[in-house]
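One letter stands for each residue in the lines below.
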Amino acid sequence: MFSSKGETMKIIVNGSEKELSNHCSISDLTEDYSLDKENLIVLKNDVLIKYEQYSSVFLTGGEKVELLSIVGGG
Amino acid sequence: MDDLLTIGGEEFKSRLLTGSGKYSSDSLIPEISALSNSQIITVALRRVDLESNNKSLMDFIPSNMKLLPNTSGARTADEAVKIARIAKMSGCGNWIKVEVISDNKYLLPNGYETIKATEILASEGFVVLPYINGDLYIARSLADAGAAAIMPLASPIGSNRGIRCQEMIQILIDQSSLPIIVDAGIGKPSDAALVMEMGADACLINTAIASSPNPLLMAEAFKLAIISGRKAYLAGLGISTTNAVASSPLTGYLNG
Numbered sequence: 001m002f003s004s005k006g007e008t009m010k011i012i013v014n015g016s017e018k019e020l021s022n023h024c025s026i027s028d029l030t031e032d033y034s035l036d037k038e039n040l041i042v043l044k045n046d047v048l049i050k051y052e053q054y055s056s057v058f059l060t061g062g063e064k065v066e067l068l069s070i071v072g073g074g
Numbered sequence: 001m002d003d004l005l006t007i008g009g010e011e012f013k014s015r016l017l018t019g020s021g022k023y024s025s026d027s028l029i030p031e032i033s034a035l036s037n038s039q040i041i042t043v044a045l046r047r048v049d050l051e052s053n054n055k056s057l058m059d060f061i062p063s064n065m066k067l068l069p070n071t072s073g074a075r076t077a078d079e080a081v082k083i084a085r086i087a088k089m090s091g092c093g094n095w096i097k098v099e100v101i102s103d104n105k106y107l108l109p110n111g112y113e114t115i116k117a118t119e120i121l122a123s124e125g126f127v128v129l130p131y132i133n134g135d136l137y138i139a140r141s142l143a144d145a146g147a148a149a150i151m152p153l154a155s156p157i158g159s160n161r162g163i164r165c166q167e168m169i170q171i172l173i174d175q176s177s178l179p180i181i182v183d184a185g186i187g188k189p190s191d192a193a194l195v196m197e198m199g200a201d202a203c204l205i206n207t208a209i210a211s212s213p214n215p216l217l218m219a220e221a222f223k224l225a226i227i228s229g230r231k232a233y234l235a236g237l238g239i240s241t242t243n244a245v246a247s248s249p250l251t252g253y254l255n256g
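Going down the list, the sequences are from chains A and B.
Numbering follows the numbering used here, in which position 52 of the first sequence is assigned residue number 52; successive positions increment by one, without gaps.
Numbering follows the numbering used here, in which position 77 of the second sequence is assigned residue number 77; successive positions increment by one, without gaps.
Worth double-checking, as some hints may not be accurate.
As the list claims (entries may be wrong) - To spell it out: a stretch of chain A is covered by chain B in this simulated footprint if at least three of its residues, at any positions, have a beta carbon under 8 angstroms from a beta carbon of chain B; those stretches are: (1) 28 to 35; (2) 40 to 51; (3) 59 to 69.
Derived from the structure by calculation, the hints contain no laboratory data.
Owing to the predicted nature of the structure, the values given are computational and were not obtained by experimental measurement.
Cβ atoms here follow ideal geometry from the backbone N, Cα and C, with glycine treated the same way.
Isolated chain A, as found in the complex (with noise of 0.2 angstroms):
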């Protein structure tokens, strides 16, 4: 469903579809979207990245990532 040729692969971020470059990190990903990385959450395929794995773990087409935080709540 989702291609890697090229330089570019797709993925899911937050329910939407988002074109990336390939070998794109989580931390890659954190850094396109200008995000604080220190209190962001990260799941990757429903997977919790750590803090400390955002460098070391690459996306390679067709996962579903979401980009969380901790907001105000009742």
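Given chain A's structure and the hints, the job is docking chain B onto it.
Chain B in isolation, oriented as in the chain A frame:
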């Protein structure tokens, strides 16, 4: 004499739990927490807004406060369990407020799904505080399922409508072995004082503070109301009569 609130084996001096939502700015949270004397604060888990880069809520939550993530957004037990597990894995601790709501108009909780989620999460070691419509049999099932407290609503979330379920809340207070934390719909400090006078163990307040024109002063007002209501409960209310009973002596009048 210490009159401490005990939940999940932990003791707290304050009987006011606060929410972290709806404030005009998250930067108000540290001062509201200090003025309310709250020791437990609820938070939610959501997808980040990929279009903006806001400061994280966690930057504003005092480090000495107990985090109580909620499962808001969950429509089923499975969704609630998923949210709770993510919250715990990401370092939010093992406390969880289970709220399972599939009705968008009144935001009333689904008791059946709440019981199912509580059973699973309690067996995984969570300290579960379930949010319910105050039904005694749901509360009993939740106690059997391993809940650490019961959180009956006073009126719909965010409505500020006050104590509309007073009789049902009183039944829970009288019959439940678990702490009763009145949550949702409390609109003013006198509402909180009322349920505390009835014997509730604590109140959770969010909208009533956040929607006040002066949230900082209102946070302090709620702190005082809850202390007041609790002291009145411990003191014991005097008997109420339909006829008058004079406060001054009935003899020795200066007549004639």
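> For the segment 40 to 51 of chain A, does the count of residues with a C-beta closer than 8 angstroms to a C-beta of chain B reach 3?
Replying inline: The restraint on the segment 40 to 51 of chain A holds, since 4 of its residues have a Cβ under 8 angstroms from chain B and three suffice.
> Holds or violated: the segment 59 to 69 of chain A covered by chain B, criterion of 3 or more residues with Cβ-Cβ distance under 8 angstroms?
Replying inline: holds (count 4)
>> Three residues or more, CB to CB closer than 8 angstroms: is that satisfied between the segment 28 to 35 of chain A and chain B?
In response: Holds, because 3 residues of the segment 28 to 35 of chain A bring their Cβ atoms closer than 8 angstroms to Cβ atoms of chain B.
Violated hints are absent here; each numbered hint is respected by the structure.
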